[in-house]
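Chemist: From first to last, the protein sequence lines stand for chains A and B.
At the far end of the first sequence sits residue 759, using the numbering used here, and the numbering has no gaps.
At the far end of the second sequence sits residue 759, using the numbering used here, and the numbering has no gaps.
Do not rely on the hints blindly, as some may be mistaken.
The list treats identical chains as interchangeable, and a pair is accepted whether it falls inside one copy or across any two copies.
[To be verified] Straight-line C-alpha distance at most 27 Å; calculated DSSO-like pairs for lysine-lysine: (1) K555 - K313; (2) K410 - K303; (3) K539 - K748; (4) K142 - K693; (5) K303 - K230; (6) K527 - K222; (7) K138 - K14.
Derived from the structure by calculation, the hints contain no laboratory data.
Computed from a predicted model, the values in this text were never measured in an experiment.
Number of protein chains: 2
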Amino acid sequence: MPQQNNKRLLDKIKPKWEIGYHFSEEAAPEKWIPATVPGAVQLDVMQAENYQQPYWYADNVKQFDWMEDYYFTYRTSFPRPDLHPGQRLCFHSKGIEYDFKISLNGTQLLEQEGMFTYVDLDLTDQLQDINELQVQIKPIPKVAGAPAYTPGTDTYRQHARESAKPAVSYGWDWHPRLVTRGIWDETYLEVRSSTYLTASTVTYQLNEELSQAQVQLNLEGKALAGKHYKWSLTTESGQIAIAQEGILSSNTESISTQLQEPALWWPSGYGSPTLYTSEVTILNAEQEELDSSHSKVGFRRVKLLMNEGEWDKPLVFPASRNRAPASLEINGRRIFAKGTNWVHPEIFIGLITNETYEKQIQLAKEANFNILRIWGGGITNKESFFDLCDEQGMLVWQEFPLACNNYTDKASYLAVLEQEATSIINRVKAHACLAIWSGGNELFNAWGGMTDQSLALRLLNSLCYRLDPYTPFVPTSPLNGMGHGSYLFYDKTIGTGEEVFQWMQRADNTAYTEFGVPGVANLEVLKQYIPPHELFPPKRETAWETHHAFGAWRKDSWLELPFLEEYFGEITSLEDLVRFSQLTQSEGLKFIYEEARRQKPYCSMALNWCFQEPWPVAANNSLVNWPNILKPAYYEVAAACRPVLASLRVPKFLWHEGEDFICEPFLLNDTYDPIAPAQITVTLLYDGGKSLKVTTWTCPGAPEFQNSQGSKAQLPLPDMHGSFFTVSVEVESNPAYNSRYTFMYRGKNETGVKPGAAF
Amino acid sequence: MPQQNNKRLLDKIKPKWEIGYHFSEEAAPEKWIPATVPGAVQLDVMQAENYQQPYWYADNVKQFDWMEDYYFTYRTSFPRPDLHPGQRLCFHSKGIEYDFKISLNGTQLLEQEGMFTYVDLDLTDQLQDINELQVQIKPIPKVAGAPAYTPGTDTYRQHARESAKPAVSYGWDWHPRLVTRGIWDETYLEVRSSTYLTASTVTYQLNEELSQAQVQLNLEGKALAGKHYKWSLTTESGQIAIAQEGILSSNTESISTQLQEPALWWPSGYGSPTLYTSEVTILNAEQEELDSSHSKVGFRRVKLLMNEGEWDKPLVFPASRNRAPASLEINGRRIFAKGTNWVHPEIFIGLITNETYEKQIQLAKEANFNILRIWGGGITNKESFFDLCDEQGMLVWQEFPLACNNYTDKASYLAVLEQEATSIINRVKAHACLAIWSGGNELFNAWGGMTDQSLALRLLNSLCYRLDPYTPFVPTSPLNGMGHGSYLFYDKTIGTGEEVFQWMQRADNTAYTEFGVPGVANLEVLKQYIPPHELFPPKRETAWETHHAFGAWRKDSWLELPFLEEYFGEITSLEDLVRFSQLTQSEGLKFIYEEARRQKPYCSMALNWCFQEPWPVAANNSLVNWPNILKPAYYEVAAACRPVLASLRVPKFLWHEGEDFICEPFLLNDTYDPIAPAQITVTLLYDGGKSLKVTTWTCPGAPEFQNSQGSKAQLPLPDMHGSFFTVSVEVESNPAYNSRYTFMYRGKNETGVKPGAAF
C-alpha cells in the first residue's frame, strides 16, 4: 500500500532484477544483465557493458543516445511464497518511467502510460511454483513532426508534448539530452493479509477563525468491511487530540470529527511547523492487527490573494482585468515568499534518496527560504520529499509535468494526464507544505504556446478543484503580473542593455517567480569533469560546451565570456574566471532578492532560477553545484533572505572615476515582529583600509511585516587605486542586520580590472 | 420533458393559478388574487390591487419595493384527470424565480433554490379526487451586512452575491431596483405515457479537417429500457443523413454514428447557418408512438485563438504571460466578432415571448452583428432564444448569472451554482450558436473583486470542461488584453479628458467587449413616460432621474448635460437635446466599431454596451429603446458593421477654425472574398452644398479578411458658416461601401453651435 511508515506484520521482498534491451516489442533481449532497482536503464547498461565512467565526465553522457528507441525489459524470478490461508502476494511499485506493460508468467497484468501512478497488483491467483515477473518499457515518447535533436537547441523537448513524461530529459539549457527510463522509485513484492489498506489520508477544513478543524480520515482498502479500526491523532508532545474506533462498513470509508483549537503549522520564518501524528490500525474480531498506517498532519490554511494595492489602482478606460493574485497568505497572515526553483537533484531520478532530499531541503532552509517551486519540467518528487518539507516548514509550489511546450488537446494525452494528475493530487494534497498547484512552466509564453483554452490546463484546474479545492491553482507561471527573467547580469536584449540593477528597479511585478544570474562552477568541481587539457581557456566543442558553458541558451550562455571580459578585461587564469563570474552572480542575485523585498507590499515573491542542478554544470544560474557544493552566491542569497536586514538600493554595479555614488537605505522586515529604531550607517570601504561615510540614517524601526525606507544619499567617489570597493551598512547594536555590497570601480582610461585586483 | 417541439400524444393542461402574499413562511395569504403564468408576482398584485399603471410610467416602479421581504404563494386546483392504465400526470415548469417549495395537497414534493433548473415532478401517486398544487416563493435573497438600498448607488446588487439570482434586478445604472420573482417560463400539467423522455440531445465532434462528425444521440427518460427507438437526421432539403433504429437497453442511452461531409453551420456574414433536423421517436412493441423529440443540429467548430501577432511580440524581461486569446475561429476561419451586449428585453422576464426574441435577433442581424454577449447580470434566455440564434447564424457568448460582485466561496452557494450551471450547460450546449461560456461580468475588476482563485469560477470552468469541453470558456470579461469602456463621448477621467476618437485610437486591446456612448431616448418615447410638466428642461428628482438620466452611473450619467452644453452651448428645446445627444452617440459608436475593425488583425472583437433595454430608459448606451424603437445610433452602427466598407480614421469630432482636417482612409474587409481595386474619394461637405476634395486614394483593393490602409491626408479647413460639416468617403462603382461622418466646427470666439444649426 502506498503509505509510508506502515507497520507491516508480514514480509516485504525485494527481488533481484535483470534487464535486457530489444528493438521491437516482440523480440527477446539478446542478453540479460543485472539491474539495480530503483535505478535507470542507462546505468544498468553502463555498468554491464563497460561504458566510459562516470557518466558525468567529459562527453560520456553521449554514450546513451542510442537507447532512446529501444525497448527495455526487467525481469525477476521468484518461487511461490509460503502464504497462510487468505494471505495475498502483491507487487507494488511507486514509479516506473514511463510507458510499460507488466506480465506474470507470460500473462499481461497491466499496461500503463505514466510514471506517477503507483502500481499495486495482487499476484496471488496467478502464482506458479516458480514465477517470472516482467516489466517491459517502451521506447521514449516521440512526436511525429517534432524537431530532430540538434545540439545547442532545446527544441527536442517538443517530443514530450503528447506525454506526461517530464520534458527536461529531452535536454534543457542546463541538462543534456538524456531521456531517462526505468524503475525509478521503491518497488517490491509484499505478503499481505486479506485485509489491507490501499489509501489512508487525513484531510481537514479549518473554519474562518482557524479555531476549529473538521478532520476527516479517508480509508480505502480490500476486505475492510466488518473490520475494526482505531484512529488516533497525537500532538508533538504525545497528547491524544483525537481517538476514535469503530467498525468499518465498506472498503471506502470516511470518518469525520472535529478538533478544537488545533496547533497550526507555519512555514519557516513565521512560526513552528507543528505536525500531529495520525495512526490508524485495522483489526480483526480477535483484535489482531491486520494493517496500519501512520502519517503526519499539519493544520494550515493557504490562500493566494490579490497583491496589496492592486485593487486600488486607478481605473483607466478601456479597462482590462486586474492582475492575477500572487500573494500567499498562510493562516490569515500574508508572507513574503522567498525561495527558489527546484529541479531534479539527480539526472537519474532513480538515484534520488531520502538523504538527497534531506540535505537539499536543509540547505534551502539555511538559505532562509520558505518556498520551493517544483518546476514543471521535472518530476513530482518522491514521498519523503513532502514529509521533509512538512517537517521543515518549507512551502511547496507543485507543478504538473508540463513545461515550455504546447501540450496537445488529443483525448489520448488528456486521459494519461488525468490519470497522472489524479495520482499526484491524491498523494500530495494531505501535506501541510503544499501551497500552490500549477499547471506547469511558461505555458502561456510564445515558446510554450498554450492558452487559457488549452484542454490540458482546463483539465488540471478541474481536477484540482474536484480533489483539493482549497489549495490555490495557477495554470502556469508567469501569469499576468508575475515576471520570469532576466537570466543575465548584463542583458543586451533589454533596451540598450541593462545590468540586473537597472532592470530590477524598473520592474514592477507582483512576483518574481524566476530570475537568474549565471556563475561558473566552483574550481574544484570543474576539475572533476573537465579534462585537464580543456580546463583553460574554456572553449567551444569541449567538455565546457557539453556542460553548458557555451550555446546552452543564447550564444554565450552560461559562461558569458564576452560580458566578463567587457567588465573585467582579459581573463588570464581559471581562478580569475571563477572568482569574477561568481562575484557577478553573488552581487546580482543579492540585489534582485533585496529589491524584490524593497518592492513589498506590492511585490510578494522572489524565487531565483534555480536552486541546484542534476549533474555538474560548468556555468549555470544554480546556487548549489551538483552534488551539494555551495557556490558563493548561495551565501549572499542566504544573507539577502534574512528575515530582517538593512539593505541598499544602488543604481549600478560598475562605477567610474568622478561619479557620485548614490544609494537609498532600507530596513527590511518580513517578520510579524516590530523592529526597534536604530542608527544605520552606510560606509564606503576601499583600497584595503580606507573608508568614507556615505550617510547615517536615523531609522525609526519597522512595523510588523513592513519595511522602512531612508532618504537617498549621494557622495562623490574618492579616487581609488583598487578595481573594487565595498559598501557596508551597519545597524547600531544589531550587527545581525548588517549588510555588505561589492562594486567595481574603473579609473579614467582604464578597461577591465587591474592585475591582481581583490574584493 | 424539457425539449421543445415534442410531438405529444397526450394532454397538456394549463391550469388557472391564483397568488397570495404573506410575511412569514407559515402564514396563509390574507387573500388570493388571479395570477398570470408565466408572469411576475409584481404584475399580479399590480393588476388586482389597482396600482398606478403602467409600471414604467414616471415613478410607478417604486410601488413594488415593499414586496421584497414577502413570501408569495401560487396555487391551482384541479380534479384527478382520467388517466389510462400506466399513464402519468406530471408537473413541468421551465422556470420559477427564485427560491421555492412545491407541494401537492399539503405534502411537500420539492424545495429548490435556482430559477434555471427545470422542475419536472410526477404527481400521479399523490393524486386525490380534487388536488391543490402550491408553489411557495421565498423572499428575495439578501446578504447580512450588504449595503442597504440607496437611490443613485448600485451597491444594493451585493445582496445577490450569495445566490444564483441574476443581480440586475437589484438595480443597475439603467435598471431600477425591481427584484422580480414568480413563475417566469412555460409551466403546465401533462398527461404522459409510462414511457417518456426527459432529455434528448444531439452532440458531436468534428474531425480536424471538418470532413466527418462523430454524432451522438443522448437519451434520458423513464421506462425506456426495452422500447424501440427511431432516430433520423435530415438536411434542410429533407434528405436523410442519418437513420437509425433499435431497442433501448436502459433509461440513459447514447447512440453514436458517423456523418461524412456534414454541411457546416456558419455565423452571419460568413456563410449559411445550415441546420439539420433530428427526430427521435420512442415506440412500444406494437409500434405505437410513446414519445418523440425534435431538435435542430448545426455542425460547427469553435475555437478561441490567440490574436494574430500576439505570439510575435518582442520578449522583454521580466516577462509576464502573453495576453489571453480573444480571436474566434469558426470552422477553421477566424472571424471578426461584431456584436453587442444583450440585457433583458423586459424587466419582467415572464413577459418575454418568442416574438420578443424574434424581433430583437432580427434587428441584431440587420445591424450586421454576428454575436450577442448575454451579459451575466441578466438571465440565461428561454429556449426559443437559442433556436432563433441557431437559425439566424447569431453567435452567443453566454455568461453565467454572476456580475460585478465578489461571489462567495460558501459551500451552500457553490451547490446551488453547480445545480444551475449544470442545467444551463446541458440545455444550451447542443446549440450551434453557442460560441463562448463565460463565468460572468467584470468579476476580475475592483468592483467585482473576484480572482482566478475564486471557487465559483473554478467550479464553472470545471463544469464546462466536464460537460462541454470543446466550447471555449473564459472566467469573465474583461480578461487581460480585452477592454471594457469607456462609456462616454467625452471622458474627463482619462488623462486630461478625451473624446471617444482619442482613447479609441490610443487603445490597443485584443477585443473591445464593452464600450458605450450614451444617447437620449427618442422624442416620442420620452413623452410616453415622462409627465409633460417634467419633460423640459430635464431635472433631477423627476422621472428623468428615475429613468436614469441623472446620477445613474457617475453624477451626470446618462444624460451628460454638462458635456452637451460644453459642446453645443445652451440647449433650449427638448428637440435639440435629443438630436445633439443622439448625434454624439451615433458618431461616437460608429467611430469605435470602425476603429476596432481598423485595428484588425490585432483586434478581433467589438461589442457595444448595450443593445436594448428592459424598460424605458431616458438616456442610455442602448441602440434600441424599449420596446424595439430604434435610436439613430442603431443605423450608424449597422453601417459601421457592414462586411465591407470604406472607413476614415479621424483624430477628433470637434474642429476649430484655422485647423487642418486630418484623416486616414481604409478599406475594411471582414469577408473571405478579395475586394477589387477602386478609387476612393474623400470629400468635405459644408454650408449646405459646398464641397472640397480632401484626397483621392487609389486603393489596391483588399485581400480575403484583410483591410487596406491609405495614406494620411491633410486639408486646411475652409471658413464655414455652419456648426457642422460632413465628410463623405465614396468608392468608385461600389456605392454600397460608401461612408459619411459628421463633425462639429467652431469658429473663433464661438462657443456652442449657432442657433438652428443643422447636420
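Chemist: I want to check one pair: K303 and K230. Are their C-alpha atoms no more than 27 Å apart within a copy, between two copies, both, or neither?
Modeler: neither (33 Å within a copy, 53 Å between copies)
Chemist: Treating 27 Å as the Cα threshold, decide for K138 and K14: within, between, both or neither.
Modeler: Within one copy, since 23 Å is at most 27 Å while 66 Å is not.
Chemist: With identical chains, the pair K539 and K748 could be close in the same copy or across copies; at 27 Å between alpha carbons, which is it: within, between, both, or neither?
Modeler: This pair counts as neither: shortest intra-copy Cα distance 32 Å, inter-copy 74 Å.
Chemist: Could you figure out if K555 and K313 sit no more than 27 Å apart (CA to CA) within one copy, between two copies, both or neither?
Modeler: Between copies only: 21 Å across, 40 Å inside.
Chemist: Given a CA cutoff of 27 Å, do K142 and K693 count as a within-copy pair, a between-copy pair, both, or neither?
Modeler: neither (63 Å within a copy, 64 Å between copies)
Chemist: Have a look at K527 and K222 and pick one of within, between, both or neither, based on CA distance no larger than 27 Å.
Modeler: Close neither inside one copy (55 Å) nor across copies (78 Å); limit 27 Å.
Chemist: Using 27 Å as the alpha-carbon threshold, which applies to K410 and K303: within, between, both, or neither?
Modeler: Answer is between; shortest inter-copy Cα gap is 15 Å, intra-copy 33 Å.
Hints 3, 4, 5, 6, counting from the list given before, are not met by this structure.
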